[in-house]
Amino acid sequence: MSDKPLLAIEDLHVSFPTRKGVVEAVRGISFSLGREKLGIVGESGSGKSMTGRSILRLVSRPGIVTAKRMEFDGIDLQRASAAQMRRIRGQRISMVMQDPKFSLNPVMRVGEQIAEAYRTHEKVAPAEAKRRSLEMLKAVRIRDPERVYRAYPHEVSGGMGQRIMIAMMLIPDPDLLIADEPTSALDVTVQLQVLAILDDLVTQRGMGLIFISHDLNLVASFCDRVVIMYAGRVMEICDAKNLDAAQHPYTRGLLNCLPRIDSDGRDLAVLRRDPAWMEHGL
Amino acid sequence: MSGETGRAMIEVDKLNVIFGLGADRVHAVRDVSFRVPEGTTFGLVGESGSGKSTVLRALSGLNPDWSGRVAVAGQAQKPRRDKAFYKLAQMVFQDPYGSLHPRHTVDRILMEPLAIHRLEDPERRIERVLGEVGLGPDFRFRYPHQLSGGQRQRVAIARALILEPRILLLDEPTSALDVSVQAEVLNLLQRLKQERGLTFVLVSHNLSVVAHMCDDLAVMNHGVVVEELAVAQLKRREPQHPYTRQLMVASLGYDRAAVDRFEDFAREG
Chain V
537 MSDKPLLAIE DLHVSFPTRK GVVEAVRGIS FSLGREKLGI VGESGSGKSM
587 TGRSILRLVS RPGIVTAKRM EFDGIDLQRA SAAQMRRIRG QRISMVMQDP
637 KFSLNPVMRV GEQIAEAYRT HEKVAPAEAK RRSLEMLKAV RIRDPERVYR
687 AYPHEVSGGM GQRIMIAMML IPDPDLLIAD EPTSALDVTV QLQVLAILDD
737 LVTQRGMGLI FISHDLNLVA SFCDRVVIMY AGRVMEICDA KNLDAAQHPY
787 TRGLLNCLPR IDSDGRDLAV LRRDPAWMEH GL
Chain Y
59 MSGETGRAMI EVDKLNVIFG LGADRVHAVR DVSFRVPEGT TFGLVGESGS
109 GKSTVLRALS GLNPDWSGRV AVAGQAQKPR RDKAFYKLAQ MVFQDPYGSL
159 HPRHTVDRIL MEPLAIHRLE DPERRIERVL GEVGLGPDFR FRYPHQLSGG
209 QRQRVAIARA LILEPRILLL DEPTSALDVS VQAEVLNLLQ RLKQERGLTF
259 VLVSHNLSVV AHMCDDLAVM NHGVVVEELA VAQLKRREPQ HPYTRQLMVA
309 SLGYDRAAVD RFEDFAREG
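Protein chains in written order, with our numbering: chain V, 537 to 818; chain Y, 59 to 327.
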C-alpha cells in the first residue's frame, strides 16, 4: 500500500438553502481512506449519507457541496468535468444503496441489469457480459445463478436483492465501494452473510470500503476504523477494535444506550446531547 | 420458568393461521402455544416470515382467520372481538410514520378511543396520558408531521394507554427508531409496565431488545415455535435449539468465522 490515501476529504460542507434559512447537513468534516473498511456511524440526520453522496457528486440541487479538498486517487473530485465523473461513477467508485426494492429496475431481468452495468464501462460483446454477470452472481454466493439471472426484482428475496446490487456494483471492479446502510433491511443472519461477501471481496480485490450505518455494534465488529458523526460533524475517529475505549461522550452515549443480551434489565442509559457538540467537531 | 406461578393473562393453545387456498395455501402459524402470566413480558422472536407478527395479529383480533384457543384474562376469545376486549388489550405498531393519521392532531388521535368507549372526562385523560409518556401539553395540538419518530411512537403508546388497558401488544415498537430514541422508548415502556402492572407481548427480531425487556420468550422459524425459554437462560447463553443459538451468535456482531458456520434452517415437520 502506498502512503498516499485513496480518498482524502478535507473540510466538507453540504448545505441546503430553504425558505427558513440554510440547513447545514454536513459541517466541515475531514477524513481519509486507504484500502480498508471505514465505517461512518451516526443517527438519522447526522449527515452520514450526504457525506457518501457528495463523494460521488450525487447531491442534487439546491444542495451546495464545498470542500477544501476532495481527492480520489489523485483526481480532484470538485473540478472533474461531468464526463470525467461519469467515468468515475460505477467504474472506479460505486455505491450500494439501502433498499434493493427501490434501486433495481422493476421491469428488467436482474441479470440484464448487471450485464448493462458492465457494458456501460467495458466494450464487450453481450455474450461476454452475460458470462461475467453469471460469474459475479456466483461470487456473491447465489446458488443458482442461471435462474436468478432471468428473475425479475420482485421474484427475489431482500437478501438476494442486496447480493444482486453488490454484484452489479462490483462487476466494473471499482477501487472504492460506498455502501449506504446496505444491510439494514435484512434479517440478522442474512445481514452478516452479505457482509461476509463484502468483506471477502474487499480483501481479495484490495478495495476501499466506506460502510455507512446507524448500527455501532455492527460497524465496530466489521470495519477497521470508525468515524462517528453527529449533527454534520465528526465527533471522533477511532480504530474499531478500540471502540470500547472511545473517549467522546457522544460515542460513549451511543454505546451505553444499546440493550445487550446479558443486560441486567435496569433502565438503559439515555443519551444526553451536549449543545457544544454542534459547534466543535474533530 | 419464571412466571408459572402467576395467573395467566394470555393463554394461546395450538394456534394455527392459514392464508390462501389451493396452491397458494400458506400455513403461516402452526400449533403455537404459550401462556403469559399477569405482569410479565413475553417475547416473540424470529426473522422475517417466521410468523411472529401473525401470532400477534391473531391475538389482537386484527386477523380473524385462525383456529385454536386464545384466552385473555380467563375469557376464551372468538375470532371477532368486542369492545370490552379492546378496552383490555391495545396494540402499538412498528412504524410510527404509518400508524398515526397524518391529518389528525394528537388531540384528535387520542380523543378517538375515548369517544368509541364513551369514557368520561376526556380533557383530563388526554392531559394525563401525554404527561405519562413524557410529552408535555404543548404537543396536544400538533400534527404527526411536526413530531420526530420517537415522539410519534410516544403518541402511539399514549393512544394505547388512554383506555387503561391491562395488556399491550407491541409489534417491533422501536425498530424504526434511532438507538438513543429506542433506549428512551424502552425505558418508558418498562416504567409504565411497573406503574400499572401491565402485561406485554413484544414481537421483535432483535434478541438484545427481547433479552432486555422480557421474562420469557418463544423463538419462531417458519411458523413454528422452535424453542421457548426463560430470558435468564438466554442471558446465560444456554439456548437449546441450534436456530436460537445461531440467532444469538448473529446478534453479537460480525464474526467472519461464525458466518461460515451459519446453517439454513428449513421448515420443520
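By construction, these hints were calculated from the structure, which means they are not laboratory data. Keep in mind that the hints are not guaranteed to be accurate.
Label-pair ranges, simulated between beta-carbon atoms [as the list claims (entries may be wrong)]:
{"id": "1", "chain 1": "V", "residue 1": "Leu818", "chain 2": "Y", "residue 2": "Arg314", "range": "26 to 36 Å"}
{"id": "2", "chain 1": "Y", "residue 1": "Asp140", "chain 2": "V", "residue 2": "Asp780", "range": "47 to 57 Å"}
{"id": "3", "chain 1": "V", "residue 1": "Pro642", "chain 2": "Y", "residue 2": "Gly80", "range": "21 to 31 Å"}
{"id": "4", "chain 1": "V", "residue 1": "Arg802", "chain 2": "Y", "residue 2": "Ser106", "range": "29 to 39 Å"}
{"id": "5", "chain 1": "V", "residue 1": "Gln614", "chain 2": "Y", "residue 2": "Glu222", "range": "56 to 66 Å"}
{"id": "6", "chain 1": "Y", "residue 1": "Gly311", "chain 2": "V", "residue 2": "Lys540", "range": "44 to 54 Å"}
{"id": "7", "chain 1": "V", "residue 1": "Glu664", "chain 2": "Y", "residue 2": "His159", "range": "53 to 63 Å"}
{"id": "8", "chain 1": "V", "residue 1": "Arg802", "chain 2": "Y", "residue 2": "Asp313", "range": "41 to 51 Å"}
These stretches of chain Y come out as covered by chain V in the derived footprint (C-beta under 8 Å, 3 or more residues) [unchecked claim]:
{"id": "9", "segment": "80-92"}
{"id": "10", "segment": "117-123"}
{"id": "11", "segment": "183-189"}
{"id": "12", "segment": "266-272"}
From the three backbone atoms N, C-alpha and C, an ideal C-beta is built for every residue, glycine too.
Hints, one by one, checked against the model:
1. V:Leu818 to Y:Arg314: 26 to 36 Å: holds (30 Å)
2. Y:Asp140 to V:Asp780: 47 to 57 Å: holds (53 Å)
3. V:Pro642 to Y:Gly80: 21 to 31 Å: holds (27 Å)
4. V:Arg802 to Y:Ser106: 29 to 39 Å: Cβ of Arg802 (chain V) to Cβ of Ser106 (chain Y): about 31 Å, so the range 29 to 39 Å holds.
5. V:Gln614 to Y:Glu222: 56 to 66 Å: holds (60 Å)
6. Y:Gly311 to V:Lys540: 44 to 54 Å: Cβ of Gly311 (chain Y) to Cβ of Lys540 (chain V): about 32 Å, so the range 44 to 54 Å is violated.
7. V:Glu664 to Y:His159: 53 to 63 Å: Given a distance of about 55 Å, which is inside 53 to 63 Å, the answer is holds.
8. V:Arg802 to Y:Asp313: 41 to 51 Å: Violated, since Arg802 (chain V) and Asp313 (chain Y) (Cβ atoms, about 27 Å apart) do not stay within the stated range.
9. 80-92: Since three or more residues must qualify, the claim that chain V covers the segment 80-92 of chain Y is violated, with 0 doing so at under 8 Å.
10. 117-123: violated (count 0)
11. 183-189: violated (count 0)
12. 266-272: holds (count 5)
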